[in-house]
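Participant: If you want the building blocks of each chain, they are given just below.
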Amino acid sequence: MVVISFKQYGTLLATRALARDIYPDIACKIQNDTMVILDWEGVQMVTLSFSDEIFGLLFKNVGFTDFKQRTHFTNITPGISLVLSTAISMRTKHPLGETVD
Amino acid sequence: MNQAKTIKVILGPYLYYDELLRQLPDPRTLDKGAQYILDIEYQQCMFINDHLCQILVAYYKGLKGSGIDVTAKFDTSINCDAVNYAGRIGFFDQLDIDYSYPFTKHDPAGRFIPIETIAHNGYTLDPRLSQKILDALGVSESITDAVLFSMGELVSNVGQHSRSNFGGVLFGQIYPNRKVAVFTIIDPGVGIHYAFQNGSNSDYNLVSEEEAIQICVGKGVTCGNGMGQGLFLIKEIISRNKGDLRIVSGNYCLSVVNGNVNVRRSNYWQGTMILMEFSLEEKVDMAEVFNSNSYDKVELW
Numbered sequence: 001m002v003v004i005s006f007k008q009y010g011t012l013l014a015t016r017a018l019a020r021d022i023y024p025d026i027a028c029k030i031q032n033d034t035m036v037i038l039d040w041e042g043v044q045m046v047t048l049s050f051s052d053e054i055f056g057l058l059f060k061n062v063g064f065t066d067f068k069q070r071t072h073f074t075n076i077t078p079g080i081s082l083v084l085s086t087a088i089s090m091r092t093k094h095p096l097g098e099t100v101d
Numbered sequence: 001m002n003q004a005k006t007i008k009v010i011l012g013p014y015l016y017y018d019e020l021l022r023q024l025p026d027p028r029t030l031d032k033g034a035q036y037i038l039d040i041e042y043q044q045c046m047f048i049n050d051h052l053c054q055i056l057v058a059y060y061k062g063l064k065g066s067g068i069d070v071t072a073k074f075d076t077s078i079n080c081d082a083v084n085y086a087g088r089i090g091f092f093d094q095l096d097i098d099y100s101y102p103f104t105k106h107d108p109a110g111r112f113i114p115i116e117t118i119a120h121n122g123y124t125l126d127p128r129l130s131q132k133i134l135d136a137l138g139v140s141e142s143i144t145d146a147v148l149f150s151m152g153e154l155v156s157n158v159g160q161h162s163r164s165n166f167g168g169v170l171f172g173q174i175y176p177n178r179k180v181a182v183f184t185i186i187d188p189g190v191g192i193h194y195a196f197q198n199g200s201n202s203d204y205n206l207v208s209e210e211e212a213i214q215i216c217v218g219k220g221v222t223c224g225n226g227m228g229q230g231l232f233l234i235k236e237i238i239s240r241n242k243g244d245l246r247i248v249s250g251n252y253c254l255s256v257v258n259g260n261v262n263v264r265r266s267n268y269w270q271g272t273m274i275l276m277e278f279s280l281e282e283k284v285d286m287a288e289v290f291n292s293n294s295y296d297k298v299e300l301w
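Top line first, the protein sequences correspond to chains A and B. My numbering applies: residue 1 is where the first sequence begins, and numbers increase by one. My numbering applies: residue 1 is where the second sequence begins, and numbers increase by one.
Take these hints with a grain of salt, some might be off.
Stated by the list, open to error - As a list, the in silico BS3-like pairs of lysine-lysine whose alpha-carbon atoms are at most 27 Å apart:
#: 1; chain 1: B; residue 1: Lys219; chain 2: A; residue 2: Lys93
#: 2; chain 1: B; residue 1: Lys219; chain 2: A; residue 2: Lys60
#: 3; chain 1: B; residue 1: Lys64; chain 2: B; residue 2: Lys5
None of these hints come from the bench; they were simulated from the model.
Construct the complete structure from the given sequences, taking the supplied hints into account.
Facilitator: Given below as structure tokens:
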């Protein structure tokens with residue numbers, strides 16, 4: 001089991017550029033068949049762009065079932081949860097592109 | 001040595017932003033080989049509009065970022081509360097003007113976020129910034145998510161769309177008497193019309209400048225490298241909050257007041273200025289904003 005603390009990247013996670021830097025590490029851990037704890041303690045808000053660039057792509061590349069089996073979200077606020085789940089849903093409707101244009 | 005050219009700006013106490021824009025030459029018309037002095041004359045020691053200070057900072061930094069040799073000038077020897085306030089919000093620091101503070105700098109928490117620069121690559125956002133926003137908001141937790149989400153989307157836009165040579169400038173202020181919080185992000189980038197004209201989404205390549213600012217708050221409208229949801233959701237959030245939204249870009253200004261969208265001509269701004277005014281008394285239910293606009297969600301947990 002590994003824990004990824006998003007607080008290390010900031011408290012308001014806004015940009016695709018930041019997400020692109022974080023993505024490889026998270027994707028690597030999830031694809032290693034280990035349980036990944038995604039810890040949101042200390043993070044106050046995220047944007048749709050940031051969420052899409054990480055979790056939208058993860059859903060697309062890892063798949064819904066595997067993603068849910070290998071990850072656990074903890075200390076997430078209702079606001080962040082809302083934005084993340086919306087971004088993922090939007091990505092699943094646009095499955096072919098690298099970004100949702 | 002060539003004599004420096006002067007860009008004269010008169011900062012009156014009740015100047016409207018549009019009148020300030022009228023005084024600022026289009027940066028594209030300036031001579032890159034010349035030296036310029038941005039000479040800010042402050043009239044009447046009564047009141048200084050912090051939003052205008054922020055515009056001047058964005059203009060100055062935009063000129064410098066584009067390689068123009070510019071120096072800002074302001075008579076800081078004027079000893080009055082208004083000039084001291086300009087110093088406290090970081091106006092002189094951002095303009096590289098020497099200024100001796102005649103007071104002890106207090107923590108601005110609960111009052112304002114000093115004028116801050118957002119990195120041009122949209123990568124770094126000072127982690128202290130969101131805390132500063134929360135501190136400035138004080139106890140208004142009912143709009144915290146709405147404000148942070150909106151700020152985040154605008155910061156993201158600066159990095160993703162503006163093509164600004166240095167980034168953008170952010171400022172926030174609480175007005176307790178009016179019970180509002182105002183946040184502004186200004187970039188001296190390419191502006192909304194250029195972004196549509198030159199974006200990868202061909203649906204909007206041919207829109208006019210007026211149409212560009214009209215549609216930029218539409219759901220799913222993007223120049224091509226975004227989701228087209230940020231400004232739309234900000235408009236929805238602010239409408240529910242009974243706040244105000246103002247977007248100035250190029251020769252047009254879009255305003256949303258009480259949910260009504262209005263577009264009119266404005267004096268020219270090279271780039272984009274966005275002002276968000278939140279009522280501190282109107283709660284914003286983010287789930288309601290998303291649900292009422294037919295955003296689906298996946299069950300993650």
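Participant: Hint by hint, where does the structure go against what was stated? Just the numbers, ascending.
Facilitator: none
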